[in-house]
Amino acid sequence: MRRLPTAVRSFLPFLVGIPIVYLLQRVFEAQGWDFVALLLVNIGVNVVLAVSLNVVNGFTGQFSLGHAGFMAVGAYTAARITLSYAHIPILGLPLEWSQQLVFATALVAGMITAAGAGFLVGMPSLRLRGDYLAIVTLGFGEIIRSIIENTKALGQATGLSGLPRLTTLTWVGAGVIATLLMARRLAVSTQGRALFAIREDEIAAEAMGVDTTGYKVRAFVISAAYAGLAGGLIVHVLQLATPRSFTFIRSIEVVVYVVLGGLGSITGSVVSATVLTLLLERLRDIQSFRMVGYALLLIILMLARPQGLFGTRELWDLPFFKRRARKAAEATPGVTP
Amino acid sequence: MTEFLQHLINGLSVGTIYALVALGYTMVYGVLKLINFAHGDVYMVGAFAGYYLAGTVTSEQATLGRASLITLASMLICGAVGYVIERFAYRPLRHRARLTALITAIGVSFLLEYGFQLDAIIKKPIEFPPGPSPRFFPVLLDLGDPFTFLDVTVPKFDVLAIAVAAALMVGLQLIVYRTRFGTAMRAVSFDSNVAGLMGIPVNRIISGTFVLGSMLAAAAGVINAGARHKIDPLFGLIPGLKAFVAAVLGGIGSVPGAMVGGLVLGLAEEFVVGYTASSYRDAIAFTILILVLLLKPQGILGRVTVEKV
Amino acid sequence: MRLTRTVALTALALIAASCQQKEAPAAPAAPAPAAPAASDKILLGHVASLTGEQATFGDSTDKGIKLAIAEANAKGGVKGKQIDLKTYDDQGKPEEAALAATRLIVQDKVAVILGEVASSRSLAIAPIAESNKVPEISSASTNPRVTKDGDKTRAYVFRVCFIDPFQGTVMAKFATENLKIKNVAILRDVGNDYSVGLADFFSKKFQELGGKIVSDQSYKAGDQDFKAQLTAIKGKKPEMIYVPGYYTDVALIGRQARELGIKVPLAGGDGWDSAKLYEIAQGALDGSFFSNHYSTENQAPVIQDFVKKYKDAYGSVPDALAALGYDAAKVAIDAIGRAKDLTGPSIRDAIEQTKDFPGVTGVITLDADHNAVKSAVVLGIEKNAQKYVTTVNP
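Residue numbers (the working numbering), protein chains in the order written: chain A, 1 to 337; chain B, 1 to 309; chain C, 1 to 394.
Looking at chain A on its own, in the form it has when it is part of the complex:
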């Protein structure tokens, strides 16, 4: 099979994925499966959060516990934009189209501000060693929350309500695809290799000429941007942006997804985020034991399989896929397997 031109190949996941998710969304709507749809939206958001955190915690081996703070920055930015503009038809477009455009802009703006916050937090903190970074990032998350609670324009403790419900399965699907693509491409790129080197042995990497602080900050910024995306998505399905959604318990939940799945494994993060979100929903029936069950699960899993579900391996590292890749490489002339 001839390989498609690079430009098309880059877009392929979106061109294939989005229509599928859109179809799924329409089916759910027709059947009235709102609960499943909402659950999938939550899973999608958690996957975005987990994979984006994996870039920092997994690829780079740094210890960030402030993910919810970046989520909040992205969420509130997006919320402010949609609150101001979503009901105004822009550029003479019909309202539905205009809303989507505003939403897209809001999400991207959220990502940019979250990235900025990531830069501000990362620059000073990434000079610090492991565990200290954890507490510092947690602290930053709390500081961001304190600021929100004290700012009238952000609704203070009550938050911003009445947000339009713009997040749909399609949007979440697009977000998930974007995040997965980002992570995957980062992992196989030169920059990714630098991050892995930093994870394995920072001093050796520095000795090899890798600008460790620079790369760490970059990873932090990217991770924060996608956390902002998740934040923007979740508040537009909740139709409410409140500081209570972004406590450090939330950050810890995301860290759990990443560690459970396996630090450095994108597949792992996807699987564990999905499984845990579903599990928590299942455990709802056992009500008050829910959180206790979650905690026990954590401890037992860490004791039984500390490297997480996937370790650092990915789905395509499985022998089945490796054989197919090998065969494809053999078939293509001029490429050594």
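No lab work stands behind these hints, which were simulated from the structure alone.
As the structure is a prediction and not an experimental result, all values here were calculated from the model.
Positions of the beta carbon are idealized from the N, C-alpha and C atoms, including for glycine.
Don't take every hint at face value.
[What the hints assert, rightly or not] Derived, one-sided and incomplete: chain A residues facing chain C with beta-carbon distance under 8 Å:
1) ASN42
2) GLU149
3) ASN150
4) GLN156
5) ALA157
6) THR158
7) SER161
8) GLY162
9) ARG165
10) ILE234
11) GLN239
12) LEU240
13) ARG284
14) MET291
[To be verified] In silico DSS-like cross-links for lysine-lysine, where the CA-CA straight-line distance does not exceed 27 Å:
15) C:LYS309 to B:LYS123
16) A:LYS152 to C:LYS204
17) A:LYS152 to C:LYS152
18) C:LYS383 to B:LYS156
19) C:LYS41 to C:LYS133
20) B:LYS123 to C:LYS276
21) B:LYS124 to C:LYS63
22) B:LYS124 to C:LYS309
23) C:LYS152 to C:LYS340
24) B:LYS156 to C:LYS263
25) C:LYS236 to B:LYS156
26) C:LYS237 to B:LYS156
[What the hints assert, rightly or not] Calculated Cβ distances over 10 Å to all of chain A for the following chain B residues:
27) PHE4
28) SER133
29) ARG180
30) VAL202
31) PRO256
Fit chains B and C to the supplied structure of chain A, relying on the hints for placement.
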């Protein structure tokens, strides 16, 4: 002037609690390089242990003797809790990545917090778990009206608390620097592998450290509950984090450092909240942490350690 | 650079995704309003915070609701069917409240959702109730925004309690007219929308009536030490301190205020109402006042009846939240009885028409904004127990 002095007293009172909890934190971190997230919850368990013990002992006569007994008993209980946690949750992960141990610590923390929030399973002689509702911690020691001078009130209990904290700190210093156990602890904190080769029973030392740290946390819990009288399963979370900040501020791994760090943090919080923005209380602790780590990472009393390759 | 390309592609992809939307489903299009499962039982849903910081509120509310349902069932249920309750814990998180509400509506097919206590969580449930055409009755959310989306009243959201503008006014008037106080300090819970809202409304009204706010301090729920704020307040010499927070913190604030030698009364709102307040305060709050929904001393038969039944069932005196939960459930059941059928819109219409309903917390009439028009009572604390002082009518 009165206000300033009152703030000073308040700050020292708050700082004492942070200092006590920080002592445990700093010891455990010094030996294991682990941020024991569950430490704040052991503090909470200590307070509840004191609550249950005080309940069954029926507090007609609130005497010093009885109060000390309750404190000691709850320290022992928490020592046991600390031992169990270390033995079953942390020891198996000692050779694994730091992040894994931290996750387990978070798991233990959640377990304690949410476990205590369950509805009572055992009803007699005590209601356990206590459930989410806050409880009133009985007055274990009625020392009478506070000292007042210049319209500044100094609760007598706070004076006692500082005295006890100081005594514990001195005791801990003695243990660390004057006993064999302490020397072994310091050896393990330098390099646990080599310490093991030197014949030190590393596992036992680490367990001992945990037990000691948990006992201190329990003492802090009982003292705090004795002053503030309100306990609930979630009240150890934030103090735990702030105690870690205090430990870092004072110099992680240093016992007097934890004391100093705790008091400084308490005072800082008090003055900033009292004179300026009271809505940013928790943010203050973290801001201090960030500043310390950026400007003087070894803390006030810590030593600069060079990381060798 | 590969990184920039990835980012650029992502941005483009997002825009591409937006173009894929042929129409914007602003809400999942419900083909028909969800009708409760046609079985022999009518299901009511309750979203509550059963774990987390305000677990006691959720627990009290749940008990009140269960009592109301048991009573109704003993009388034969409603429309010939027995009533059942499904309660989900939202752990105090708005996202969980949304999930719980969705599950109740879509999977369990409840007729009415009762909840929540906290305004932020009621706000999370409101849009779901609206889009699925299932009525939501909040027992105790006092923030005006729960029933109003901007300027429009939400069609499917109701509440059986008064709202914060009224409550803030009650205390402001009481302080000015009854206590003749001119200088007040405020100590609010900055992380709690209820506290912030109430503090703001009180402050506004108090100043309108000629009073002065000498100090405005904040704390965070769960704080153990308030002496910094109290010392600052003491320096400004107020005649009263308004603490519109939850009882968990208020009791401690009272104690510490007394320890610092602050002798002036404290005042607050319905967040004070709990037996635990007195257990922890131990007399420190004597001489203080708070506004509430009802008073257990009120000899009206409907109240005494309720108090007795609650005590028999649960062994404790009901707090305002339990009473409000009871009333919310009763209003729901009454409306279901009056509705022409069991579909969401019909029940909604019936709820909207609730007029002069004899609730424990007062005679409930729902106004145009779906809020209950009721009087508030001011309770004082003497000898570490509550004592009825006066009633303030809207």
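Evaluated hints:
no. : hint                 : in the structure
1   : ASN42                : holds (7 Å)
2   : GLU149               : holds (6 Å)
3   : ASN150               : holds (7 Å)
4   : GLN156               : holds (6 Å)
5   : ALA157               : holds (4 Å)
6   : THR158               : holds (4 Å)
7   : SER161               : holds (5 Å)
8   : GLY162               : holds (5 Å)
9   : ARG165               : holds (6 Å)
10  : ILE234               : holds (7 Å)
11  : GLN239               : holds (4 Å)
12  : LEU240               : holds (5 Å)
13  : ARG284               : holds (6 Å)
14  : MET291               : holds (6 Å)
15  : C:LYS309 to B:LYS123 : holds (23 Å)
16  : A:LYS152 to C:LYS204 : holds (16 Å)
17  : A:LYS152 to C:LYS152 : holds (22 Å)
18  : C:LYS383 to B:LYS156 : holds (25 Å)
19  : C:LYS41 to C:LYS133  : holds (20 Å)
20  : B:LYS123 to C:LYS276 : holds (19 Å)
21  : B:LYS124 to C:LYS63  : holds (23 Å)
22  : B:LYS124 to C:LYS309 : holds (26 Å)
23  : C:LYS152 to C:LYS340 : holds (26 Å)
24  : B:LYS156 to C:LYS263 : holds (19 Å)
25  : C:LYS236 to B:LYS156 : holds (25 Å)
26  : C:LYS237 to B:LYS156 : holds (25 Å)
27  : PHE4                 : holds (25 Å)
28  : SER133               : holds (13 Å)
29  : ARG180               : holds (29 Å)
30  : VAL202               : holds (20 Å)
31  : PRO256               : holds (21 Å)
Checked against the numbered hints listed earlier, the structure breaks none of them; every hint is satisfied.
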